[in-house]
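**Q** Just so you know, the protein sequences line up as chains U and E, in that order.
Heads up, the first sequence is in the working numbering, so the first residue is 1 and it goes up one at a time.
Heads up, the second sequence is in the working numbering, so the first residue is 1 and it goes up one at a time.
Calculated from the structure, these hints are not laboratory results.
Keep in mind the model is a prediction, meaning the values are calculated, not measured.
Quick list of in silico lysine-lysine cross-link-like pairs, DSSO-like style, CA-CA up to 30 Å:
1) E:K123 x U:K26
2) U:K26 x E:K334
3) E:K26 x U:K339
4) E:K173 x U:K173
5) U:K26 x E:K339
6) U:K123 x U:K70
7) U:K334 x E:K26
8) U:K123 x E:K26
There are 2 protein chains.
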Amino acid sequence: MNSALRLGLAGLGTVGASLGRLIETKAETLATRVGRPIRIAAVCARDRGRDRGFDLSQAEWFADPVDLAKRAEIDVFVELIGGSEGAAREAVEAALKRGIPVVTANKALLAHHGVALARLAAKKNTEILFEAAVAGGIPIIKTMREALSGNDVARVYGILNGTCNYMLTRMEKEGIAFDACLKDAQRLGYAEADPTFDIGGFDAAHKLAILTALAFGCEIDLGSIFIEGISKITNEDIQAAAELGYRIKLLAVAQRTETGIEQRVHPAMIPASSALAQVDGVTNAVAVDSDLLGSILLAGPGAGGDATASAVLSDIMDVAGGVLPPTLGLPPAKLVPYKRARMRAHEGGYYIRLSVFDRVGAFASIARRMAENQISLESIVQRKRGNGDNAGTAPVILVTHETSESAVRKALDLVSKDGHLKDEPRMIRIEALD
Amino acid sequence: MNSALRLGLAGLGTVGASLGRLIETKAETLATRVGRPIRIAAVCARDRGRDRGFDLSQAEWFADPVDLAKRAEIDVFVELIGGSEGAAREAVEAALKRGIPVVTANKALLAHHGVALARLAAKKNTEILFEAAVAGGIPIIKTMREALSGNDVARVYGILNGTCNYMLTRMEKEGIAFDACLKDAQRLGYAEADPTFDIGGFDAAHKLAILTALAFGCEIDLGSIFIEGISKITNEDIQAAAELGYRIKLLAVAQRTETGIEQRVHPAMIPASSALAQVDGVTNAVAVDSDLLGSILLAGPGAGGDATASAVLSDIMDVAGGVLPPTLGLPPAKLVPYKRARMRAHEGGYYIRLSVFDRVGAFASIARRMAENQISLESIVQRKRGNGDNAGTAPVILVTHETSESAVRKALDLVSKDGHLKDEPRMIRIEALD
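Model the full structure from these sequences, guided by the hints.
**A** And the structure:
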């Protein structure tokens, strides 16, 4: 048996503690599979005293993760602190500067500094592995970096935020309103006290930024992502979607277009009969469309201590086996700059819900505004008049054929100005799947 | 740039020609991704003259694949001949004996001789890579061998045969009978002139045999697989399944049980609302239940020149990057013998369709036979009486709660002997998914 692989583990929260227990309880199996023992040689966490369910007496304790990364006698630095700045970033940089490979679950760090860190790693002849940073236990990083390495990717997309998917699933299955659903999610620990990062689409955007670089061999550009969260989705939208043969999911999509690469996170209608539409609750899923494979889909747990630890562990086992693929799939010098495709140039179908004052000519006026903007309609449904708050108005639902975002926005702006609408128009993009 | 990786390519059929074209047209991208050029140095095929769409003038031609494997100046031997014996086996053995890694798409070779070949490879300090051998372009081998390497697998299962899934999908969506559907599949090239290997479940069994070894760290045992094909599935079964909330798929399942490891290929009813149930047509899918990840699902193209070539190429690129994981996930000496769980010990729910003579007491007699064998029924539906050939009988559909295969077989045997049935009873297993 070869010498042990010595880990420096910074962060002993849910994932770190799960990883520690796995490495202890599965020690023999892991050693057999990888040909050498895996040993936690150094650790760092805020509270030294707490019992994490595994033996840490043989590990050297550090009060400061940067100190650990700089000084500990380790072969791999495992960063499970989180956050794009501060200790996590400094410690990762310190480890890379020593030429020690880094395994991390930190999406924010990579989304903000991935390219710079990849450059630093390459300069020091080492790499960063980060399977756990995107879609938890789903092996999407390995799949994109290794299994698809001969493919040209056209689109990568998926359900990358468990909180949103949990909420949309419950709104659909149980007819619960958004606010009640959010409260439930918070009570059950599926949503934070401040849920903005999740329900605003920002968490999914961080993950998408990383996938985009792997898919298209380009630099990471988090700031260019179009982001729209789920907070305006209503039960009426979900019901209308069902009637039209769709389900609503928060999708993150990166897609090659004629003008550049689109990166977008928004609620989308997808065909109810697709496999992706069956991905419910906190489960995540990622699909990749590419030249050789057509379409592949991976679904699994997007979060959770054990699932995330499993992904961290697979990276550690790769390092133990001597596998160090380029951090972002290519040597950093070969990454091309990200070329942004503007959201206004996006093309697709649109679902539009209008609350129209019940007046002669309103309907004709709306139809004219659509036609003026070359928007062809697949279906128009006028529902029965509202009552209470909605007395005197009727909901009108339009589904467009493929058109451009800019045409839709312009048309809706004109319809609003024409004074026929009680409320702001609602629009949900339809994502075509094969 | 490092020196080129020299391939010896035996077999220039659909996949081989696809691979050759990819390596030519994507030469620059592949070299960038992997850090060295990939070059076809030697080839072997039956017809030397045929144009395969890529330049072979720089490759050394061999008339005999074994000769190529023995003598060509190559770094990797790529076997795309097929078949478990003869040239394919001899050539692979010859390459391994030289210590040259082998990349193959040959499921039959691995299902029959995988362990012996893995031993030979390990002895010569090399390995066999075979991503393309199971589920075409879906990276299930890499996922099981690398991404799940820290997991204990409880069950691996999936839709592994595109022909069967294509036929079942058309039978369901269009109401076409089995025989007509098979003729169509043959006309469209989705089924062979002799379709037994596909529709009898044998193709799926070959793939399952390989997955079982990877999932449970055991030796391959193709001969122990329980195999039942789809030829007895009727449109009535498919319709009854739909009414009960299920869809019928040919599943291949390997599952750890108290008495050993079950390996089975048979039509199964799965919940219509599951992601797996949406996997239609020639698409394949594999799911893995494990301790850390819960459940993950991978879906994608199970066959086709480009998709299979993509999988072969990802193996070649791993070799180019110096990645040579143990052939069957573990060093061969660490594989445990396969411990068979007998099919009679299988536990699950069952769908049973009986054609019952319309006589007083028949129904009661059937119910008694079930009760005698401790089979508890979830639902019993008696349909309206048949006419024509089925005059004087009524179809009865039973759905059982979880019970054992042996109890079901015994009860059905008794019901048959009681003389209440016009035809042989039909039984379809229900697969519980999470």
